[in-house]
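Chemist: Residue strings, one per chain:
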Amino acid sequence: MTITFRNIHKAFGPKKVLQGVSFTVRDGECFFIVGASGVGKSVLIKHLVGLLRPDDGDIFLDDTEVSRLTEREFYEVRKKCAMVFQSSTLFDSMTCEQNVALPLRKHMGLTMKDALTEARERLSQVHMSHFATAYPAEIGDGMRKRVAIARALTLKPSYVLFDEPTTSLDPVSARRTDVMIRELCDQFGVTSIVVSHDLVSIFGIADRIAMLYQGNVRLLGTREDFKNTDDPVVRQFMSGEAEGPMQV
Amino acid sequence: MTEAAAQTLDAATDEPPLPKRSALTDMLGELADLWRVTLDTLFYTFNHKREKGAVITQCYAIGNRSLFFMVVTMGFIGAIVVYQIGIQTARIIPDMSLVGATYVKLLIRDLAASVGAMPLATRVGAGIAAEIGSMVVTEQTDALRMSAADPVDYLVVPRFLASVLMGTSILLIGGAVAYFAGMLICNLSFDVNPYVYMNFSMVTSGDCILGFIKCLVYGGTIALVSSQRGLRTFGGSEGVGRATTEAVVGSLFAIITLNLIMSTIGNFLLPA
Ligand SMILES: Nc1ncnc2c1ncn2[C@@H]1O[C@H](COP(=O)(O)OP(=O)(O)OP(=O)(O)O)[C@@H](O)[C@H]1O
Ligand SMILES: [Mg+2]
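Residue numbers (the working numbering), protein chains in the order written: chain D, 33 to 280; chain R, 7 to 278.
Rather than coming from a laboratory, the hints here were simulated on the basis of the structure.
Incorrect hints may appear among the rest.
Residues from chain D that face chain R, not an exhaustive set, calculated with beta carbons under 10 Å [to be verified]:
no.: 1; residue: L83
no.: 2; residue: E103
no.: 3; residue: R104
no.: 4; residue: Y107
no.: 5; residue: R110
no.: 6; residue: K111
no.: 7; residue: A114
no.: 8; residue: S120
no.: 9; residue: T121
no.: 10; residue: N131
no.: 11; residue: P135
no.: 12; residue: R137
no.: 13; residue: H139
no.: 14; residue: D195
Derived lysine-lysine pairs resembling PhoX-like cross-links, with alpha carbons at most 25 Å apart [what the hints assert, rightly or not]:
no.: 15; chain 1: D; residue 1: K138; chain 2: D; residue 2: K188
no.: 16; chain 1: D; residue 1: K145; chain 2: D; residue 2: K112
no.: 17; chain 1: D; residue 1: K188; chain 2: D; residue 2: K111
no.: 18; chain 1: R; residue 1: K55; chain 2: D; residue 2: K111
no.: 19; chain 1: D; residue 1: K145; chain 2: R; residue 2: K58
no.: 20; chain 1: D; residue 1: K188; chain 2: D; residue 2: K112
no.: 21; chain 1: D; residue 1: K145; chain 2: D; residue 2: K111
no.: 22; chain 1: D; residue 1: K111; chain 2: D; residue 2: K138
no.: 23; chain 1: R; residue 1: K55; chain 2: D; residue 2: K145
no.: 24; chain 1: D; residue 1: K112; chain 2: D; residue 2: K138
no.: 25; chain 1: D; residue 1: K145; chain 2: D; residue 2: K188
no.: 26; chain 1: D; residue 1: K138; chain 2: R; residue 2: K55
no.: 27; chain 1: R; residue 1: K58; chain 2: D; residue 2: K138
The following label-pair restraints were derived from C-beta to C-beta distances [claimed, not checked]:
no.: 28; chain 1: R; residue 1: R56; chain 2: D; residue 2: V204; range: 36 to 44 Å
no.: 29; chain 1: R; residue 1: N53; chain 2: D; residue 2: E170; range: 32 to 40 Å
no.: 30; chain 1: R; residue 1: L34; chain 2: D; residue 2: M144; range: 40 to 48 Å
Backbone N, C-alpha and C define an ideal beta-carbon position, used for all residues, glycine too.
With these hints in hand, go ahead and build the complete structure from the sequences.
Modeler: This is how it looks when you write it as structure tokens:
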């Protein structure tokens with residue numbers, strides 16, 4: 033029950049984004065991916081669920097190679113591996129509850145009525161039941177993020193990819209989200225991959241951290257490893273200094 | 007320049023040149039992608055249950071977006087074309103009695119569909135590309151795929167069906183407006199009696215069939231080309247802008263190309 037990226041390459045036209053990324057995420061782990069903006073963190077995790085295909089390299093999920101599955105075969109992968117997107121990405125034309133109900137209807141074939149009942153329950157878990165019938169445009173960014181998290185968790189996935197889950201949340205909601213992610217790992221054995229810049233989250237809940245830099249993994253280790261590293265690039269990233277060896 | 011900076015510069019110039027992508031490969035890639043979207047759309051059109059009300063919503067959006075615009079545009083175009091026909095006819099034979107009969111044949115066989123499809127493409131195509139494009143840049147299409155919903159099934163098919171239905175209806179209405187605008191101009195400028203103008207003796211069933219097929223095809227084409235452009239959007243709001251422009255240009259190009267093909271085939275199968 034592990035996730036392995038092996039030698040992943042990905043370019044968009046002439047632009048090489050990933051250049052041989054390899055790492056393994058262990059079962060039940062809360063694994064963080066950090067790195068500068070535009071380094072390819074979102075691109076990397078989208079490969080796992082087939083939203084992007086690698087130019088080269090293999091991706092193993094539960095010991096099966098997934099990167100060459102067809103779109104339809106990926107539906108099975110997406111059932112057990114959910115994703116919370118960076119920009120919330122609720123569907124504008126649906127209410128919050130309809131948004132949460134969609135995966136239930138599509139993946140599980142539930143009727144609209146059953147799916148909505150289930151969806152309302154999921155919304156109450158993220159304290160959003162008051163806004164069940166609101167449209168995404170009518171609620172704030174942080175609330176949308178919570179609905180998006182509820183939608184991702186509707187199918188009780190064994191893997192969850194979070195793309196910057198705490199960005200645009202107030203400090204309290206951000207820490208609540210951290211607690212929730214940690215609980216998912218500890219209580220439900222969910223394996224989480226979290227993309228984040230939020231140092232409080234990183235040093236609060238990460239089991240291991242990988243830092244991407246110039247298309248590769250610069251450092252992979254525990255929180256302690258990151259605190260004690262001698263690598264000037266990693267140190268600059270962690271301390272957030274403007275001056276240093278890090279190139280954009 | 008510091009030594010380090012000079013070194014970086016050296017390293018940069020040592021890099022192999024970026025591979026050049028030719029315009030031809032780009033275009034072939036686009037065409038292949040359009041073909042895939044078309045096949046998927048047709049597949050889902052005949053094989054899938056649609057969300058309740060999705061097509062109606064799109065019909066309303068398309069009709070609302072373009073009806074008034076099309077009526078005005080086609081009215082002007084009709085008036086201008088008939089005025090020009092009248093002036094040129096008067097130079098050769100000062101007999102205006104067949105202007106209406108010739109014009110209506112031309113209108114039914116080609117102009118109503120092909121000329122009308124152009125303003126329709128700017129209005130409907132831009133709207134479709136912008137909507138789908140902004141869903142792509144905000145990752146909504148990725149979220150759809152995560153929910154086991156194919157964006158083609160969910161976004162393109164309702165727009166395709168609505169565009170075929172409403173596009174055809176609007177082109178027919180536009181054609182009628184162009185016809186009556188012509189009648190008005192004929193009467194005011196050349197003193198042609200409306201009864202004389204309304205002469206359908208030259209129109210054959212072949213003209214009607216060809217004209218109608220063109221309307222259906224253009225309606226579908228605008229939706230397919232614009233959706234494909236929308237689905238390929240990348241790069242924030244700038245990308246949406248680019249997709250919108252490309253959707254309009256692509257739709258116009260497709261309409262003109264398809265008109266050539268359909269008119270050629272039509273001349274053999276349904277001769278004028
Ligand atoms: N569909 C695409 N077409 C072309 N380039 C792309 C595409 N998707 C991503 N990119 C490019 O790949 C690079 C990595 O993007 P990505 O979104 O993964 O960055 P990121 O590390 O998640 O940054 P951020 O922290 O800002 O979210 C960016 O430079 C982006 O411009
Ligand atoms: Mg990102």
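Chemist: With reference to the structure, classify each hint as holding or not holding.
Modeler: Each hint, compared with the structure:
1. With a least beta-carbon distance of about 5 Å to chain R, the hint placing D/L83 at the interface is held under the 10 Å criterion.
2. For D/E103, the interface hint holds, the least distance from its beta-carbon to any beta-carbon of chain R being 7 Å, beneath 10 Å.
3. The beta carbon of D/R104 is positioned within 10 Å of a beta carbon in chain R (closest approach about 9 Å), and the interface hint is therefore held.
4. At its closest, the beta carbon of D/Y107 sits 5 Å from a beta carbon of chain R; the interface hint therefore holds under the 10 Å criterion.
5. The interface hint given for D/R110 holds, since its Cβ lies 5 Å from the closest Cβ of chain R, which is under the 10 Å cut-off.
6. A cut of 10 Å between beta carbons decides the hint on D/K111: the least distance to chain R is about 8 Å, and the hint holds.
7. With 10 Å as the threshold, the beta carbon of D/A114 comes within range of chain R, its nearest partner Cβ sitting at about 7 Å, so the hint holds.
8. Residue-level restraint check for D/S120 holds (minimum Cβ-Cβ distance to chain R is 8 Å; threshold 10 Å).
9. The interface hint given for D/T121 is met, as the beta carbon of that residue sits about 4 Å from the closest beta carbon of chain R, less than 10 Å.
10. With 10 Å as the threshold, the beta carbon of D/N131 comes within range of chain R, its nearest partner Cβ sitting at about 9 Å, so the hint holds.
11. For D/P135, the shortest C-beta to C-beta distance to chain R is roughly 4 Å, which falls under 10 Å, so the interface hint holds.
12. Given hint, D/R137 at the interface with chain R, holds; its Cβ is 8 Å from that chain's nearest Cβ, closer than 10 Å.
13. Evaluation of the D/H139 hint against chain R yields a held restraint, the C-beta minimum of about 5 Å falling below 10 Å.
14. About 9 Å separates the beta-carbon of D/D195 from the nearest beta-carbon of chain R, less than 10 Å, and the hint is met.
15. For a cut-off of 25 Å, the pair hint linking D/K138 to D/K188 stands: about 15 Å separates their Cα positions.
16. The straight-line distance between the Cα atoms of D/K145 and D/K112 is roughly 23 Å, inside the 25 Å bound, and the hint therefore holds.
17. For the suggested pair D/K188 and D/K111, the alpha carbons sit about 8 Å apart, so the restraint of at most 25 Å is met.
18. Taken as a hint, the R/K55 and D/K111 pair is honoured in the structure, with Cα atoms around 21 Å apart against an allowance of 25 Å.
19. Restraint check: the Cα-Cα separation between D/K145 and R/K58 comes to about 14 Å, which is no more than 25 Å; the hinted pair holds.
20. Restraint check for D/K188 and D/K112: satisfied, since their Cα atoms lie roughly 7 Å apart, inside the 25 Å limit.
21. Distance restraint check for D/K145 and D/K111: the Cα-Cα separation of roughly 21 Å lies within the 25 Å cut-off, and the hinted pair is therefore satisfied.
22. Between D/K111 and D/K138 the alpha-carbon distance is near 10 Å, which keeps this suggested pair within the 25 Å criterion.
23. A threshold of 25 Å between alpha carbons decides the hint, and for R/K55 with D/K145 the separation of about 17 Å falls inside it, so the pair holds.
24. Annotation: proposed proximity of D/K112 to D/K138 holds, straight-line Cα distance about 14 Å (limit 25 Å).
25. Pair hint D/K145 plus D/K188 holds up; C-alpha atoms about 19 Å apart against a cutoff of 25 Å.
26. Distance restraint check for D/K138 and R/K55: the Cα-Cα separation of roughly 12 Å lies within the 25 Å cut-off, and the hinted pair is therefore satisfied.
27. With a CA separation close to 14 Å, the supplied pair R/K58 and D/K138 stays within the 25 Å bound.
28. Our hint of 36 to 44 Å for R/R56 and D/V204 holds, since their Cβ atoms are close to 42 Å apart.
29. Distance hint for R/N53 and D/E170: a CB-CB separation of about 35 Å, consistent with the stated range 32 to 40 Å.
30. The supplied range of 40 to 48 Å is met by R/L34 and D/M144, whose beta-carbon atoms lie about 42 Å from each other.
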